[in-house]
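The opening position of the first sequence corresponds to residue 2 in the working numbering, with each subsequent residue numbered one higher.
It should be emphasised that the hints constitute simulated quantities derived from the structure, not laboratory data.
Predicted model, so just to flag it, every value in this text is computed and none were measured.
C-beta atoms are modelled at their ideal positions from N, C-alpha and C, and glycine is treated no differently.
Treat the hints loosely; a few may be bogus.
Stated by the list, open to error - Listed next, the in silico SDA-like pairs over lysine to any residue satisfying Cα-Cα at most 25 Å (straight line):
| # | residue 1 | residue 2 |
| --- | --- | --- |
| 1 | LYS542 | LEU7 |
| 2 | LYS496 | ARG13 |
| 3 | LYS496 | ARG10 |
| 4 | LYS485 | PRO559 |
| 5 | LYS547 | PHE515 |
| 6 | LYS434 | ARG120 |
| 7 | LYS404 | ALA38 |
| 8 | LYS514 | TYR471 |
| 9 | LYS310 | ALA421 |
| 10 | LYS514 | LEU44 |
| 11 | LYS310 | GLY85 |
| 12 | LYS401 | ARG120 |
| 13 | LYS324 | ASN361 |
Claimed, not checked - Each pair of labels, with its calculated beta carbon distance range:
| # | residue 1 | residue 2 | range |
| --- | --- | --- | --- |
| 14 | GLU122 | ARG10 | 43 to 53 Å |
| 15 | ARG10 | GLU60 | 50 to 60 Å |
| 16 | ASP398 | GLU183 | 20 to 30 Å |
| 17 | PRO276 | GLU402 | 34 to 44 Å |
| 18 | ALA101 | LEU427 | 35 to 45 Å |
| 19 | ALA382 | PRO16 | 43 to 53 Å |
| 20 | GLN327 | ARG13 | 54 to 64 Å |
| 21 | LEU257 | PRO16 | 56 to 66 Å |
| 22 | GLU216 | ARG13 | 54 to 64 Å |
| 23 | ALA377 | PRO16 | 53 to 63 Å |
| 24 | ARG59 | ALA173 | 21 to 31 Å |
| 25 | ARG13 | PRO553 | 34 to 44 Å |
| 26 | VAL513 | HIS277 | 50 to 60 Å |
| 27 | PRO242 | ASP268 | 20 to 30 Å |
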Amino acid sequence: MRMSSLFGRTLREAPAEAETASHQLLLRAGLVRQVAAGVYSHLPLGQRVMRKIIDIIREEMDAIDGQQVIMPILNPAELWQESGRWYAVGPELIRFQDRAERDLVLAMTHEEVVTDLARREVHSYRQLPFMLYQIHTKIRDEPRPRGGLVRLREFIMKDGYSFHPDSADLDAYYPRMYRAYENIFRRCGLDVIPVEADPGMIGGTGSHEFIMLTETGEDTIIVCPNCHYAANRNIAVGKKPAAAGSQDDGAAAPSLVHTPNVKTIDDLARFFQLPHSHFLKTVMYEADGGLVAAVIRGDLDVNEAKLAKTTKATNLALAGDEKLRQAGVVPGFLSPVGMNGVRVVVDDSVSDGSYVAGANQPDYHLRNVRPSRDFAVAQSADIAVTQAGHLCARCDDPLKEAKGIELGHTFKLGTKYTEAMKATYLDARGQQKLILMGCYGIGVDRLMASIVEQRHDQRGIVWPVRVAPYHFYLCLLADDAESKAGCDRFYDQMKAAGLEALYDDRDATAGVKFNDADLIGLPWRVTYSRRSLAAGGVEVKARGEKASAIVPLDEAVPTFQRYLSDALANTTFQPA
RNA sequence: CGGGGCGUAGCGCAGCCUGGUUAGCGCGCGUGGUUUGGGACCACGAGGUCCCCAGUUCAAAUCUGGGCGCCCCGACCA
Numbered sequence: 002m003r004m005s006s007l008f009g010r011t012l013r014e015a016p017a018e019a020e021t022a023s024h025q026l027l028l029r030a031g032l033v034r035q036v037a038a039g040v041y042s043h044l045p046l047g048q049r050v051m052r053k054i055i056d057i058i059r060e061e062m063d064a065i066d067g068q069q070v071i072m073p074i075l076n077p078a079e080l081w082q083e084s085g086r087w088y089a090v091g092p093e094l095i096r097f098q099d100r101a102e103r104d105l106v107l108a109m110t111h112e113e114v115v116t117d118l119a120r121r122e123v124h125s126y127r128q129l130p131f132m133l134y135q136i137h138t139k140i141r142d143e144p145r146p147r148g149g150l151v152r153l154r155e156f157i158m159k160d161g162y163s164f165h166p167d168s169a170d171l172d173a174y175y176p177r178m179y180r181a182y183e184n185i186f187r188r189c190g191l192d193v194i195p196v197e198a199d200p201g202m203i204g205g206t207g208s209h210e211f212i213m214l215t216e217t218g219e220d221t222i223i224v225c226p227n228c229h230y231a232a233n234r235n236i237a238v239g240k241k242p243a244a245a246g247s248q249d250d251g252a253a254a255p256s257l258v259h260t261p262n263v264k265t266i267d268d269l270a271r272f273f274q275l276p277h278s279h280f281l282k283t284v285m286y287e288a289d290g291g292l293v294a295a296v297i298r299g300d301l302d303v304n305e306a307k308l309a310k311t312t313k314a315t316n317l318a319l320a321g322d323e324k325l326r327q328a329g330v331v332p333g334f335l336s337p338v339g340m341n342g343v344r345v346v347v348d349d350s351v352s353d354g355s356y357v358a359g360a361n362q363p364d365y366h367l368r369n370v371r372p373s374r375d376f377a378v379a380q381s382a383d384i385a386v387t388q389a390g391h392l393c394a395r396c397d398d399p400l401k402e403a404k405g406i407e408l409g410h411t412f413k414l415g416t417k418y419t420e421a422m423k424a425t426y427l428d429a430r431g432q433q434k435l436i437l438m439g440c441y442g443i444g445v446d447r448l449m450a451s452i453v454e455q456r457h458d459q460r461g462i463v464w465p466v467r468v469a470p471y472h473f474y475l476c477l478l479a480d481d482a483e484s485k486a487g488c489d490r491f492y493d494q495m496k497a498a499g500l501e502a503l504y505d506d507r508d509a510t511a512g513v514k515f516n517d518a519d520l521i522g523l524p525w526r527v528t529y530s531r532r533s534l535a536a537g538g539v540e541v542k543a544r545g546e547k548a549s550a551i552v553p554l555d556e557a558v559p560t561f562q563r564y565l566s567d568a569l570a571n572t573t574f575q576p577a
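Between the sequences and the hints, there should be enough to build the whole structure, so can you do that?
Structure follows, in structure tokens:
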């Protein structure tokens with residue numbers, strides 16, 4: 002490709018709306034352009050990167066017996082009503098009506114359509130197992146798009162769905178997918194770690210996220226440096242720091258203490274001169290319409306995912322002040338004591354000791370509150386956020402926290418959809434059985450952004466060979482007709498040999514070209530100039546390295562081919 | 001949805017507080033010329049609904065009200 006006719010120019014300065022490195026560089030290098038919040042066009046360079054990532058994904062999916070399909074984005078509401086997600090999913094699912102006033106949705110994921118597909122085709126155990134995947138558009142009306150391509154409202158996703166006769170077969174297939182995912186990210190040049198995760202609205206019995214660690218990430222994960230336990234913080238378990246109940250007289254009844262304007266645990270700790278762990282923090286949630294009081298030690302925080310699981314709630318959110326007033330409780334002085342019609346869930350770290358809790362009246366707290374004795378405990382379970390410093394449940398080493406971006410997610414769905422949508426088969430004995438499913442997603446745009454996020458320097462992007470839009474940046478630094486013609490011929494030779502080159506034939510100064518070469522970040526920069534010719538050929542420099550070499554013109558093509566095959570060697574497909 | 005910020009030429013910004021010429025600067029863009037190994041120089045030039053609507057005023061980019069858009073921080077997800 003000649004730069005002089007490449008659509009999409011490079012920008013010297015980053016547009017003001019871009020903050021993260023990947024967002025700025027994708028815009029500056031001319032890979033993407035914004036259309037609306039969370040909606041982007043891919044320019045030719047960006048499209049080439051996407052295509053290369055997709056090639057890798059397709060290769061890995063095909064290697065584990067995946068069969069590529071395309072399913073529609075436009076879905077009839079009936080399918081989503083059948084699965085129940087028409088009701089369970091919020092406004093991130095775009096719903097509308099067609100001209101005949103039929104309800105439709107824009108698919109944000111494809112469990113419904115693929116399950117429908119499967120139940121129509123599959124009747125016998127002989128047809129199982131199989132895995133279908135597609136690489137296609139997803140639409141999600143995200144509450145807040147973010148970080149350029151990190152969180153989009155419309156994006157390309159690889160979504161795969163496997164179908165199995167029983168859980169043993171699903172369990173046997175799952176690790177193959179897991180390894181394929183590791184391959185994909187490695188071949189894209191990324192360090193990604195798998196962590197245990199919350200299945201969320203997709204549902205199912207277990208899942209893993211593939212996380213790329215970065216400060217700009219929106220996920221927090223908990224890792225054990227010793228035994229390598231790794232989990233998303235919203236499901237991570239750990240041993241909470243031990244804390245004895247308070248020193249108060251265990252037999253004494255709760256007593257009112259005047260605590261004017263003392264609301265937060267920090268304030269209370271100062272006021273009472275007690276450690277945070279001697280307080281009970283009460284947080285009110287609205288769970289599927291009803292109120293739940295989460296009671297937890299003052300040194301811990303409530304984990305909403307765990308609370309949702311514990312209370313089996315589909316929709317769980319902090320209760321608003323209005324709701325609290327209606328329930329007759331006082332924000333800032335919440336207490337499980339004397340609370341009516343509210344389900345009280347207590348974190349399992351709360352022991353039999355006595356605690357300081359709210360009094361449920363303004364400016365008062367209760368001392369010497371004992372769970373069970375002074376308030377009814379509907380459930381006791383782990384509902385706490387696991388924090389850095391808590392001990393690993395497996396090996397007792399202190400846990401650490403890290404930030405990351407979720408690039409892929411694999412789920413063992415089990416029968417969640419096949420049961421709701423009645424996807425069955427006849428087994429060898431003629432018994433009707435539910436099909437089991439797994440599902441597996443990768444956000445392709447996000448993956449591209451993450452590569453830039455992890456692989457860049459002060460000057461620009463540093464593309465891993467496998468996903469670089471082109472391999473060579475051919476830089477012509479002379480404007481005399483003879484040099485131009487020579488470089489044109491050289492470019493034609495590279496093309497004829499199948500080398501991917503971006504030929505900077507523009508009428509621009511060396512500085513401009515070198516800076517654009519660094520910004521776009523192709524693996525090798527090849528300079529053709531009078532100076533290089535005088536030195537014996539063209540000058541080659543790898544992106545991100547200082548050293549350069551002169552390669553004679555007649556050896557250049559085979560030399561470049563060798564560079565390329567060497568660089569690709571450790572990122573090619575390797576059968577397991 | 002709550003909190004914060006921004007909206008003036010393709011990009012980055014100034015001007016707004018304290019209303020008053022043809023709305024300005026850098027980069028980029030076009031033409032001609034001189035240049036050519038790390039974002040050159042000279043000359044000429046094109047390019048603006050100052051986000052939108054309403055109001056105040058003799059007069060609005062500037063003041064007031066409403067709306068829209070975009071970014072960032074929190075609850076959700078690939």
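List of violated hint numbers, smallest to largest: Violated: hints 2, 12, 15, 17, 22.
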